[in-house]
Each structure stands twice: as C-alpha cells, then as structure tokens.
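J.: Okay, here's what each chain looks like letter by letter:
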Amino acid sequence: MEIERFLTNTDDPDLIPQIKVDLKAANVEALAKDFPRLIGPGLDYTTANLLHRQLGQLRRQIELKERRTKVALLGSFTTKPLANLLDLFLSAGRVRLDLYEADYGTFRQEILDADSGLYRFQPEFLILATTWRDLGRRPDMSDDRHAVERKVKSEVADWKSLWRATRRLGCQIIQNNFDAPPWRVLGNLESRHPASFSRFIEMANHEMQDAAPPYVTIHDIDHLAASWGRWQWGDERYYFHAKLPCSPAHLVDYAHSLASLIFAQLGLGKKCLVLDLDNTLWGGVIGDDGLGGIRIGQGDPESEAFAAFQRYVLGLQRRGVILAVCSKNTESIAKEVFEKHPEMALRLDDISCFVANWDDKATNLGRIAERLNIGLDSLVFVDDNPAERSIIRRLRPEVAVPEMPQDPAYFVSALERHRYFQATTISSEDLERTGFYRAAQARQAVESTAEDLEGFLRSLELVGHIAAISAATLERSVQLIHRSNQFNVTTRRHGATEVQAMMDSPAWLALSVSLKDRFGDNGLIAVLLAQADTAARTLFIDTWLMSCRVLKRGVEQYMLNRLVELAEARELDRLVATYIPTAKNGLVRDLFAELGFTCIDRQNDGQTRWELALGARWQPLTHFITEQP
Amino acid sequence: MDSAREHIQSELETVFRRVFDDDELLISEATTATNVGGWDSMAHVNLIIAIEKRFGVSFSGADLASMRRSGQTVGHLIGLIAASQNQ
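Read top to bottom, the protein sequences are chains C and D. So the first sequence is residues 434 to 1062, counted in the numbering used here. So the second sequence is residues 933 to 1019, counted in the numbering used here.
The set of hints was computed from the structure by calculation and includes no laboratory data. It is possible that part of the hints are untrue.
Derived CB-CB ranges, DEER-like [stated by the list, open to error]:
1. Ala936/D - Ala644/C: 56 to 64 Å
2. Glu961/D - Ser660/C: 37 to 45 Å
3. Ala994/D - Thr539/C: 28 to 36 Å
To be clear about the criterion: a stretch of chain D counts as covered by chain C if any three or more of its residues have a C-beta under 8 Å from a C-beta of chain C, and this derived list gives those stretches [stated by the list, open to error]:
4. 944 to 953
5. 975 to 985
For lysine-lysine, the following BS3-like pairs were computed, each having C-alpha atoms within a straight-line distance of at most 25 Å [said to hold, decoys possible]:
6. Lys1017/C - Lys985/C
7. Lys949/C - Lys704/C
8. Lys498/C - Lys457/C
9. Lys453/C - Lys466/C
10. Lys503/C - Lys513/C
11. Lys453/C - Lys985/D
12. Lys1017/C - Lys466/C
13. Lys985/D - Lys513/C
14. Lys676/C - Lys985/D
Idealized CB from N, CA, C, for every residue including glycine.
Using the sequences and the hints, build the whole thing.
T.: Next up, the structure:
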C-alpha cells in the first residue's frame, strides 16, 4: 500500500482493498467505521483521490452522520483537486463540505462584487488560496529600504481591503500567506538585500500576520513549502500545464492542513494527549528494569530520542494541551519515575490525570475522559504497543489513535504531522488550563469528603464576576462558545463577528462570567447571550453555556439572578429559553425546570421551550458566590 | 509489438484501474480518452502523477502537451514512458 506507514490511523494494510469489497457488497456498517480511519496526512495523491471517489460512492449508499459546512474556495489556480482532498479530510472528522468555487482567477471580483455567486452562497469559511504569484507588487533592484517598505505596506493594504469587503458575509476567512519560490536571483544575498524578492515575501508575510483581525486566520503555506522542501513543493510543470499551486504530491498535505484549521474553528480539535509509559515515554519496562534500568535522558541515542519526545510533549502541555497517562503498571512504581528520575522532562505536575493500573485501556480511557470532563473524541492515544492501539481502535472508535513507528526518533513527527492540536489562538486560559484540570481534581477530592454540598460550596470561597463581553474577553468567549458541549443549552456556534454584532446592539445582552475559588482563578467560564424584545416585554436566551470545569458550583443560579435583574431594569416581564438536545448536552436537559422555569412547548425531537415570569413573586435563587468587588 | 511495450502496457493497465477505480478496465495501444469513462482533464492529471510514480519517470513539458492533443492514444503514452525509461 502506498500509505506513508506512520501517518495513518490504522494498522491494517488490507483496509483499502477491503473498502472496495465492502462498497460492492454495500456493507454499510463496516464502511462507516473503517473509512475514516484510512484518511491520514500520509496518503499519496493517487490513493487519496481513489478514496475520494469511494467517499462519493459511500455517500450515495448511506446517509453518513456529517455536519455540513459551507466553504468557498477561491484561488488563482485550479482549485478542484485541492477541494476534493479537502472534502476527503473533512469527512474524516464527520464534516460534509458544501463547496463554492469561482471561475479561475476571479477571486478579487467575486469578493468586491456584492452580486457575485459568493454572496449568494453565504459561506461559513472563505479560503483565499493564494500563492506568491498573487503578490501585486514586486521590489525593483533600484528600490531602497524605504521604497520596499512602502510596497509591502500597500501590498498588505490591498489584502486588508479585500478582507473588509467580505464583512457583509460575516464568515471566517482562511488566508494563505505567500510561499517563497526556491530560486533566488540574488543568490545568497537574497536574505540581506533590501530589494530581494524572498525578503519582500518574508516582510509581506509578517505584515499580513500582524494585520489579520480575529476573523482572518492566516494559513502558513510558506511553512508547508519549507518543510517539504521548496524545490519539491513547487513543481513548475504542474503550474504551467494544470495550473496547480504546488506539486500534486503535496496538495494532500496542503488539504490536510486546511482541514485542521476548519476543525479548530468548528471546535472539533483534540484537547488531551493520553500517553502510555513503558517504551513510549522511556525505553524499557519500569516494573522489570527499575529506575536505574530504563532508558531516558542523555548517553545513548535511544535515551535521547525518548527525552526529545518528552520535551516535545512538554511543549504541547505548556501551550494548553492536557496530558494524561494511561499505563498498565503499579501506580506507585510508575509515579516514582516522574518524581525521582533526574532525566525526566515530564513531571507529575504536568500530568492532569494519571491512571496506572492493570485494567484494560479501553476502560481506563473512559475514566480519563470522565475525570477530565471531556469527550472521548477529544483524546489522542499514543502507545508503542500495536495490540493496545488495535484494541482501542476497535472498542473506542472516537479516540484518535495514530500509528507509532518502532524507532522513538520518529515519535515527534508521527504525532505532529496529524495536526491534532491546531489552535486558532492561544489565550492565557489555555496556558493555565492544565492547571485548572488538576485543581478541579483536588476539588473533587474535597467534594467527596465535605459533609454536605452547602458546606463544600462555602469552603470553596467562590468569587464571581459577571460583565458585558468586551474586546478583551471576546476571543476567549468565542473560544468557549465553540468548545463547550455539555453545559450548552442550544449549542449555537456563534463566531467572533456575530458576537461582536450582539455586543454592539442595544437589544442584546452579551455576558461573560469569570470565577475564582481558593484553588485558583478559573478565568472566563461562562457565556450568556440574550435578546430583548421590548414589544413582547421578553428576554430571549439565545445561548447559555459553561465550561465543564465549574459545574455544580451554583454558577447557573448566580447567573440567572443577574439576568433577572438586568431584565427587570429593562422593564421586561419574562424570560424565554430553549433547550436543543445534542449527543452531549443531556446534562442541561432539566436545567430550566431546576431553575424554576415552566415548560411551554415540547417538540418530538426533544427540543423544549421554557418561560420564567418575573415580578414580585419571583425570588432570587440561593448560591454561594460572592460578587467580585 | 515488442515485449518491453507489452510489459509497460500491462503495468499501465494496473495504473488505469487504480486511477479510474475500475478493476475490469482494459486498455490497448489504440485506447484514447474518449474510450475510457471519466478520463477528463482532472483525471488526466491524476493519471500522469500515478504513471510518473509507478514508472519512476518524469515527463517533460513537451510530453505533457503532446498527451493533451486530441486523438492521442495509450500507444503514444507507452512510447513516452519507454523513451523516458531509456534516458
């Protein structure tokens, strides 16, 4: 099979021929399960296209459970091959691409003409698939430093005005930066000479990155080009003959990279890396070899490779990826390595959830997800043992299980190239999140020993702050809107633009809540969006969600009390709320009943509508959160 | 027909079957784009990429242009592959 062996999610080399057989026999269940596992960034171009063809057949045979996402793909090259591959990769995350393409090379007209097909299509994502060829300005040899800077500024100003023109669409833009071509007419002097083209591209890329507002995500194709090698990346034959933006072999990874950005925007990125220990984080078996016998750190190539992998994992942790351990070991022996081995880069503090026992790993992964309060589909499981990987793939199909090479020297690339942990932004909350999860577990420990709930809540010394969402809290609020699945009554994934519009509108209340307790600052943990209808004297709750880190702290009572105050200040008579069931939000099915709302409508699909009458008879709810002074 | 060409034709058939996802596809020296369902310009690019990989050859721009002229046959393709391999 022409699959790059370690960039897949399967250990079964016969899966591709099997798919063919299953398609012929309409073996629907096996297909729905096996097909997504074949799709990895290591596919070669021919296999990827074959799979895309088969995806078409599969979709004709069965209704796949996919959410639809409207994407406009505009570029100055033939976009269809890229679009097909993007469709393939999105399908692996159960997203169905609704595609809009424009005529070859007309992307500026499409954006500037408000009557164009683009505006009729109303995309959620607009991909501006540009290459260095789309740069409108080039430095002349006679240009001095200032002249070049002026050209860079006016180049970027052009792109900014295109971005602004799309504001009527309110979509998220994914804008490529510019990939420097491999040839350099100034040779080695290119890096220094003010008028060199590659320096110009570098400056334009920096300037564009800095100028990008939150609704623009810069897709770093210059990094793709560099990491594949610039001569390999830009096969000129395919540009001249087929108007492809890069060598077809690399279109696959290009599409994978785009898909990872869309997943991140849709809140479908992974959150937690679950690690095996023996022969994954160090060489050898701690139970047999002992502290002195395992291979980690300096001295021999294998030990150094494991240490390098640990440092990479630690880097992920520092940027907000949650780490968990899932190992068949005696807990005290496994933990001792983290506590006592001087060469370990990872320490016990870095692991948010440590599970070492002799139970099967499928069960343990369930426990880890439960303890961290995240879905199984947020986990990536790394284990050197093919048998363990195979069992998890079968029993826990939601968990991402990358193939791992035998040589630990390749562990970093095997994990990195899947782009599991793509972030659209890194906020200070991300940086502290792993700390929160640990503190949450300490709280769980307190909770189980506290005499009663009230005593427990009082002992937490909760301090809250409810405020209108501001420019400073917009980014984090939107992040929460996209990530929260459990405490989320309507699961409406509003983007930054929509929330900004609510913030600007007098009819809307756009609130965020932050919470501290004696274990630490939880940061911004809840968002509520509601629209006042003065004619109907009603406040409609559009969105209400909360991070699962702070469930059962009385935050919902605290928020409702404030909401009622705000509604009464506007002389409204009632609150109306909706609950829309999803696979994950069963937690809040009875939320409104518990808060004293009356059910006024119940639909067949489980959707319910609730009303709360305000006025003298309404009494504030009890909670133990003090307002921050 | 010499055996080198026959050999290329049989390998080429495997490539065609994979690209067009049709295990029963048969080609001959006389086959043209109009005889094969789905052989459009997109599929043509896929085909070229698969052939270059399978045979370890790299077509020149002039070769690529000559393939696109209508009426060109699988025989023509075999000739180009044979010539590339001999270089």
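J.: Hint by hint, which ones does this structure get wrong, listed from lowest number up?
T.: none
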